[in-house]
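Undergrad: Below, each chain spelled out in residue letters.
6 protein chains.
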Amino acid sequence: MSAAEAPYYEPVGHERELFEYAFHRKLPLLLKGPTGCGKTRFVSHMAARLGLPLQTVACHDDLTASDLTGRYLLQGGETVWTDGPLTRAVRHGGLCYLDEVVEARKDVTVVMHPLTDDRRVLPLDRTGETLEAPEDFMMVASYNPGYQHVLKSLKPSTRQRFVALELDFPPPEQELAIVVHESDLARERARALVNLAVRLRELKGQDLEEAVSTRLLVYCARLMQAGMPVLQACRATLVEPLSDDADVREGLMETIRATFGG
Amino acid sequence: MSAAEAPYYEPVGHERELFEYAFHRKLPLLLKGPTGCGKTRFVSHMAARLGLPLQTVACHDDLTASDLTGRYLLQGGETVWTDGPLTRAVRHGGLCYLDEVVEARKDVTVVMHPLTDDRRVLPLDRTGETLEAPEDFMMVASYNPGYQHVLKSLKPSTRQRFVALELDFPPPEQELAIVVHESDLARERARALVNLAVRLRELKGQDLEEAVSTRLLVYCARLMQAGMPVLQACRATLVEPLSDDADVREGLMETIRATFGG
Amino acid sequence: MSAAEAPYYEPVGHERELFEYAFHRKLPLLLKGPTGCGKTRFVSHMAARLGLPLQTVACHDDLTASDLTGRYLLQGGETVWTDGPLTRAVRHGGLCYLDEVVEARKDVTVVMHPLTDDRRVLPLDRTGETLEAPEDFMMVASYNPGYQHVLKSLKPSTRQRFVALELDFPPPEQELAIVVHESDLARERARALVNLAVRLRELKGQDLEEAVSTRLLVYCARLMQAGMPVLQACRATLVEPLSDDADVREGLMETIRATFGG
Amino acid sequence: MSAAEAPYYEPVGHERELFEYAFHRKLPLLLKGPTGCGKTRFVSHMAARLGLPLQTVACHDDLTASDLTGRYLLQGGETVWTDGPLTRAVRHGGLCYLDEVVEARKDVTVVMHPLTDDRRVLPLDRTGETLEAPEDFMMVASYNPGYQHVLKSLKPSTRQRFVALELDFPPPEQELAIVVHESDLARERARALVNLAVRLRELKGQDLEEAVSTRLLVYCARLMQAGMPVLQACRATLVEPLSDDADVREGLMETIRATFGG
Amino acid sequence: MSAAEAPYYEPVGHERELFEYAFHRKLPLLLKGPTGCGKTRFVSHMAARLGLPLQTVACHDDLTASDLTGRYLLQGGETVWTDGPLTRAVRHGGLCYLDEVVEARKDVTVVMHPLTDDRRVLPLDRTGETLEAPEDFMMVASYNPGYQHVLKSLKPSTRQRFVALELDFPPPEQELAIVVHESDLARERARALVNLAVRLRELKGQDLEEAVSTRLLVYCARLMQAGMPVLQACRATLVEPLSDDADVREGLMETIRATFGG
Amino acid sequence: MSAAEAPYYEPVGHERELFEYAFHRKLPLLLKGPTGCGKTRFVSHMAARLGLPLQTVACHDDLTASDLTGRYLLQGGETVWTDGPLTRAVRHGGLCYLDEVVEARKDVTVVMHPLTDDRRVLPLDRTGETLEAPEDFMMVASYNPGYQHVLKSLKPSTRQRFVALELDFPPPEQELAIVVHESDLARERARALVNLAVRLRELKGQDLEEAVSTRLLVYCARLMQAGMPVLQACRATLVEPLSDDADVREGLMETIRATFGG
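Chains as they are written, first to last, in the numbering used here: chain A, 1 to 262; chain B, 1001 to 1262; chain C, 2001 to 2262; chain D, 3001 to 3262; chain E, 4001 to 4262; chain F, 5001 to 5262.
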């Protein structure tokens, strides 16, 4: 796939250049940013630009190191080794993207260590192999620093293995371009929506755990484009997904009615 | 099954329209509402109206991602992959409904992530497949916001992937229609029961964890229709299932006796 | 087995009628009552009266949903599905009785959900089957509301799926009939024992976690009938099983000596 | 084995009569008493007197219900059911003795429930069998009420299924007979030891978790009989096993030196 | 192996006599003492003196009873029983030594119970066997009473099954003999080291969790004998292994410099 | 591989001599030092100098003793034993390096015990073997003392089995040599970077969990050498990987701008 066919991505700063420097100098990359700001899309876009296959793993509490590296399965009375997504990326090259890496258990973060220092190897204790990462292998991980965990954080010994980059919601003009591109909503209606998002995000931190994301703006725009009344579309995408508290939701609806009337 | 054959459902607001907009724009839907208000029935109804197969999964603490996606089973000395309900819905199309999704573990909510953003894919790490969801695949999840969990809630990064809708107990006229339809109880006796429910629900929050549901009203109506004395039927369905506290139960019985005499 | 052959059960109120109404209207039933008051005997009795097979499952922390629904076992190199007791009851009809359901884990209570609303189905994700419960299938569950658990209780979304009934120790005349029937002890000696039980139960709540049960009265009567001295029989059945505290036990023995002399 | 060949046991009260009444009336028995007072020996003795085989299970945190009831093992490509000790006792008759039952998990205590009420059956869900206990089956359990557990205790619904009996260290004359019988130590030296034990037990509760047991007295007597100096034998059996605290141990040694001189 | 070939051990008191009395009277032995004082060496020495094979098991949190007793392994399609180290010792005779037994889980300590009272049997529930311990079987266990665990301790019902013995670091003349024997360091240099150890051990309890062990003295002597400068050798063996705190380490180094100059 | 081919390592003190003394006297070695100061590189370097194979294991919470020692795998219907990395090192000689050993579970640290005292054996309970370590086997472990764990630390009984050595970030001239060697950045630009690191490390302890490592300096130098603007390179390597706090990051950027202008 050529860069021209890469998934749509609207760059905000020098993030594409940093990604490419890191790739060419064989350094792993850590993306930091809020829910729904486009981290996953950015990684897909860069994979396409660089012409690399992409292995994505959504991390969670119950993901084991074996889910990443592989396991023995029984076939025809034999136990046969089957590569996991990380091993596939190391064996054949390309990007391995660990989404929400903070959610992973310690054994998952530790399995990355020999791949994210100068050794660039993946020891597979269960097969006795030690795979050397090819030139075009790159490890990318992401997490959301605004969503606090009491019990979970990346250990310094893991963080200090990555070049890091912070992403945020795009500024209004770029967010407008994204909403229009993803929903086909008329530009002027989309602009009203993006302006609303700016006002809604100012309410964050008081009673809202997280601000409304670019993704939810796109959802709203799609429902509006499909003909749904604007207040109903806003309630279903910008209010109900954010809170269960009646007062908070009424506060959001007031801001919405102030924008669109009704 | 044509819409005419869909399970009986009495709409309260624009919930059917929102469901259809979400389905046609390929957006996942999150239903919020109290126990026994009809969330599961609503999903069955919409599946039938849209002519779609329905996979329902009741979520809980011990449900694993493998219970959703599938696992290897030993058959004839071979390990053979067997799809779980989520994978079946992605492979063959239709609705996948995760009931009480707040009860699920993190690995279960995370497995939905690539299906609930613009990728609409289900990566099966253990088989090496990445399934693309067909046009007619839709993810629906539900939970009860009034039932508080100290330790459990949906992460913002999961919530912000859904269009959301709040359901509640239906207003009296619709609840009356439902009770009559489900129990064949005479309309006037059913009306007394619905009026009683309104009064009983006002007692909620003091000593009752949850208000009496439409489901329990239907149970009561069925016992009355079968010939059971009304006070016995009310005690067995509107009092004993709600509380073990002697004072609370006596308070409920007083309201019931005030309604039906005795 | 005809009703005439049903296990002996001495009804206290309308519990048999409620059971039968619930069975005929296909509603699940929840029994509440203290240890040893006869809940399990009542269920056996009703199963025999209604001519239904009975599957009993004693619930506990380590019981899994698979213990109820079934599992794959290896036979001749094949994994063969084997029904659990709940699946047997759904496939072939009859009562499925979950004793002390509060002790069960969440996955066990959730597996009952689709069987205890209007769907009356049991989805077996691991075999891909969805079993429809036959006309004569009925779910019965029980727990002891007087035995408090800090960490354990039935969720409202589970409770509100049941018609509920509270049982208690029978009044003296009925308890006397039970003790005589079960022990063959002379009626007058049994009457003294039942009167003693009334006095001992008044001591509950101060230092005793639970009151002496009908079951322990029967044990005492059997030892007396076999020739054991009455104070020794009372100590072994009405004192030592209830407490390890020296003062509490001496208090119980005083009441016993005041009744029987010695 | 005739009663004449039964393991040596020195009765303290009516415990043998109570055991026999319970056996003949098919009631389960619960033994309460401190560490090393002879509970296990008493059960072995009664098994021999009654001519019954004995299955003993030492309970602990990690014992599962399957360890009691049995499990499927793979043999020649088949999974073959293998009875556990409880199932063996139910299938073939005899005593099943659960030592330190308080240490067992909930699933272990619950598996006893249908065997310890009037049903006297053992349902084996995994094989689909329900075994009826034969005439000569008896369940015996024991625990130490003086050793407090914050998190562990027998549930009332379990305790109220047993006839119960408290055992304690034997009075001096009987303890003397036991020590002499088990160690062949000269009667006068043994008497000094038993008198010492009385004094040492008075120190309990201050800094000692448990008092010196009859078992440790026998150990001491055996070392003395073998020629070990008395103070060395006492230190190794009556002091070091009881405490790691230097002051407590010195206090015990003072009492010992006051008894034996030196 | 004759006693002349037994591993070097320098006796401090009557520990060898007590071990032999316990062995000949078939009593289990519990060794108490600090890290590195020679408990393991003492057991090896006694095994050789008594001409007995020795099975050593280092206990820890994740050691299961099956690791001690054995398990079924799959061989040629059959599950074949394989003895664990405890079963090997019971079946063939000799010492079974459980090092740091306090670290073991409850199921591991409980598996010793029938072997450490007058029964001297090992019931293997999974094979249905009950092994009788031969004449020359002896159970030995050890732990460190100075290293406190909030959550871990030996239950009285386990402790009271053992004859017990406390070991400590040897007095200077014996420690000197040990250091010289194990390192070939010149006697006068070794004497300086032993004198240093006495002074360093006085610092314990303030900031040091444990005092310097005889083992570390031997390490230091070996490095000195190999030609390493004395202060470097002391830092690497008597300071860095004991603490990560800069002040504590400087305090230790000051004492070392005061001894050796520099 | 001759020492001339050993991975580049810039010695700071006598660490190479201590490593060699420990190797030749058969003593295990414990390395202490902060994240990214070169512990792993030092071990690789010494392995090459001594001509020894190296087995590296990154420790974590979920690593089991079996991951180190080996396990049975099913092959052709047989269970076949497969050595783990520790067993491979013991069987064939060479270094076994346990990175971040503090993260390991108790069973992993305990498995090292018989290898790290005078026995130098590895008992494999599951195969029944006891392997004697060859002359050229050496155990090396490392951890970071500056990164505090509330729940995790090495037990004294483990620490006192090792000769220990503390490593730290190298002094400026040596760090400069390392940065230039690893990045090919011009010497003067690298010197500015090393001077910056000294200033940044002084900020540690206030809001930074760990100071910037030599590894991150090398990352920064590589990005600069590749042409990336210096402030962008510093932000991506010396700021974003260290903190998510806006104020802390701004403080770091100020120091950077003060160094490089801009």
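Treat the hints with care, since some could be wrong.
[Claimed, not checked] List time: in silico PhoX-like cross-link candidates among lysine-lysine, alpha-carbon distance up to 25 Å:
1) A:155 - F:5204
2) D:3106 - E:4026
3) A:106 - A:155
[As the list claims (entries may be wrong)] Counterexamples of contact, computed for chain E against chain F with all Cβ distances above 10 Å:
4) 4017
5) 4036
6) 4048
7) 4093
8) 4117
9) 4170
10) 4199
11) 4258
Derived by calculation from the structure, the hints in this document are not laboratory data.
The beta-carbon is built from N, C-alpha and C at its ideal position, and this holds for glycine as well.
Undergrad: Does each hint fit the structure? Answer for all of them.
TA: Here is what the structure says about each hint:
no. : hint            : result
1   : A:155 - F:5204  : holds (16 Å)
2   : D:3106 - E:4026 : violated (36 Å)
3   : A:106 - A:155   : holds (9 Å)
4   : 4017            : holds (25 Å)
5   : 4036            : violated (5 Å)
6   : 4048            : holds (13 Å)
7   : 4093            : holds (16 Å)
8   : 4117            : holds (25 Å)
9   : 4170            : holds (16 Å)
10  : 4199            : holds (18 Å)
11  : 4258            : holds (22 Å)
Of the numbered hints given earlier, the model fails hints 2, 5; all others are met.
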